[in-house]
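Based on these hints, arrange chain P on the given structure of chain H.
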Amino acid sequence: MSSREELERALLSNPFNVELRTEYARVLLEGGDPQAALAQFELLLSQSATNAAAQVGAALALQRLGRETEALQRYAAARNTPGFQPEPTLEARLEKAKPAAPARFTVLQGGKSDTVVNFVPPPGRERIGFADIAGLEDLKRTVRLQIIEPFLKPGIFAKFKKHAGGGVLLYGPPGCGKTLIARAVATECHAEFMSIGIADVLSMWIGESERNLSSLFDKARHSKPCVLFFDEIDALAYSRSKAQSEHTRQVVNEFLAQLDGFGADNQGVLILAATNMPWDVDSAMKRPGRFSRSVFVPPPDAEARARIVELKLAGVPHENIDSRAIGATTSHFSGADIEGVVELAKDYVLEEYVSNGTERSIQQDDLVRAAKNMQPSTLDWLRTARNLVKYAGADASYSDVEKYLKTHKLV
Amino acid sequence: MSNPEDRGPTLGVLLHQAHALIDRRRFAQARQILAAAALSHPDDPQLLYLTAFIDYSEGKLDDAEKTVQSVLLQNPEHYGGRTLRAELYEARNQYAQAELVWIELLRSYPEDANLYASYAELMMRTLHLDKAQRLMQEGLRLEPDHARCLYVAALLHIIQGRSSDPENEHLQRLVTQYPERIQTLLTLVVALNQRGDNQGALRVAQQLLRLRPDSPQFLNLVKELKFQTHWSLLPLYPMQRWGWAGAGVVTVIGIGVVNISKSQLTSNVATVIGVIWLAYVVYSWVWPQILRRLI
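For the protein sequence lines, the chains are H and P, in the order given.
Numbered continuously in our numbering, the first sequence closes out at residue 411.
Numbered continuously in our numbering, the second sequence closes out at residue 295.
No lab work stands behind these hints, which were simulated from the structure alone.
Don't take every hint at face value.
Only pairs whose alpha carbons sit at most 30 Å apart, straight line, appear in this in silico BS3-like list of lysine-lysine [said to hold, decoys possible]:
#: 1; chain 1: H; residue 1: K153; chain 2: H; residue 2: K409
#: 2; chain 1: H; residue 1: K242; chain 2: P; residue 2: K226
#: 3; chain 1: H; residue 1: K406; chain 2: P; residue 2: K262
#: 4; chain 1: P; residue 1: K66; chain 2: H; residue 2: K390
#: 5; chain 1: H; residue 1: K153; chain 2: H; residue 2: K140
Some chain H residues judged to face chain P by a derived CB distance under 8 Å, without partners named [said to hold, decoys possible]:
#: 6; residue: E8
#: 7; residue: L11
#: 8; residue: F16
#: 9; residue: S46
#: 10; residue: G197
#: 11; residue: A235
#: 12; residue: Y238
#: 13; residue: A243
#: 14; residue: N387
#: 15; residue: L388
#: 16; residue: A396
Derived coverage of chain P by chain H (criterion: at least 3 residues anywhere in the stretch with Cβ under 8 Å from a Cβ of chain H; other residues may be distant) [as the list claims (entries may be wrong)]:
#: 17; stretch: 10–24
#: 18; stretch: 222–234
These numbers were taken from a predicted model, which means no experiment stands behind them.
C-beta: ideal position from N, C-alpha, C; glycine also.
Pulled out of the complex, with its shape left as it was, chain H reads as follows (with noise of 0.2 Å):
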């Protein structure tokens, strides 16, 4: 075994050398210094999730820092990644360690108000389903097969050894309609949909945030079944390498810790994510057992555009209009710009009231005018995204991008 300074030196030279970084790690671990050796072990797992001896080895660093349970929870992720040895000291307290009680359910009002964040569903939301999305067939197909099917039959999937555990990341531009999969998903599921915003997060982050997070699983698990969605998911477990301050890193920390739900029971709980921002998360989220799976949510086709047209035409003044048209010649549009097309067309037919006093109903003009001033907001994702597959050799979970890209002819 070489030096810690001669593996310092080496990599340097070569500081993409997975064996050179696994063994300078295992150096630094048996040298008594855990805490260097996790982060060693975090930055291997970050080049790659599945890297098994990296799970391990970060599970022995974390029983070195005397963090027990979640050195537990990190080797029982390691067992399920591929090329998994067995550690014998870790294996003998994982099977000497019982599953926890499920945790007491937590009271989320009353005394401290301002620091426990109240998950209670908006009330008076009707229920969507696929049947209410127009068009994007494609990745209806797509979510049926990697989300909903799964959680419905799970005895299938593990039959062919197609593991289906773990949460599902939407990602793609904004405006799009992730949340409106998200809350489809939950309608097929026949599942309760518990949705935490933006607003939920912002009061994660006050004070008692182990105490929201853990509140908020509890609860999830005791709607069964239900699918707990985290929009904006980037602003709770954003990238621990690139926050400044230690309390996201905390929070990061404590998501990780539920996701892993060690001895908790998640079962009839699918946990879905969306972003607009998917460089923006953690690394360590994408690991198996976590959000191993993600899908890419792009633009509206032409189909679904034509549809969001006419509802959004819907007791609306109009006459010889064809959606399809329109449709055909707003590409790259999200649904909001779409929406902010038929806003548009609405101002003109009002301007030219107020002016003239001529009163008239929306015409195909109008629309058309709309949005050759309009442009679609998508772009600079697309442009960001390009960047990642042209140039950043970004990896298998943005394939799905690399193929809209290509089809569209952005990259």
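Using the frame of chain H, we list chain P on its own:
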């Protein structure tokens, strides 16, 4: 930055949220929260400071400067306000004024390693390398594992022409203690590039771009390194590695070979060698420009 929790629950909570949003670079949402808080606490220095910080981060230097003035009017000793003032001077290339602010700050906080790093960065930028070196020694004496001090010290090591020295102790410590930090990766790119290991530098730069795919700086860095490592530029390696000196040596060798072939070889072979040499010269001028556009 002072503790926001000291300011009463409502403002404290809002400041905490705004701070957390800024840490996650969600500036628009942080602005909304600060605007809401400003309705009841329009002159709170911390609130004004965070607003100025967002303006500065978004490149709105005039707005940031105005707000920093308000911060310092309310509280002339405000740490964040004073550091931001120095950063603003630096952003406008007013280095002398920035230096004065850093010196004043160091008088107030003589044991703050972060201030030594900031001042050393300014000295490095203005090529006062010895002074930067001494500042870094002091910063690292106060906090031996301070990430920013290590970063500046490692860069200084490279700038001072010791890039091929494998004993860049500061860089080693950065790589081992803060392996995922953006500053560490950036220093590593510079070090690898200086050593001529452009493939390694490209891989690290790609990792940087994966962390910040919307950063034009990292995108350009990757494009430049892709260009430098492109296989079609292999015949131009001497020029790429040693610049004009390399170009001079290649020219002398080329002309020499053409002349020798004229006198020693048959005219047909000499013509072929002459054409190849001409093609190489044209390729060395034209192809890099085309390739840069293609990348």
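* So which of the earlier hints does this model not fit? -> 1, 3, 4, 10 and 16
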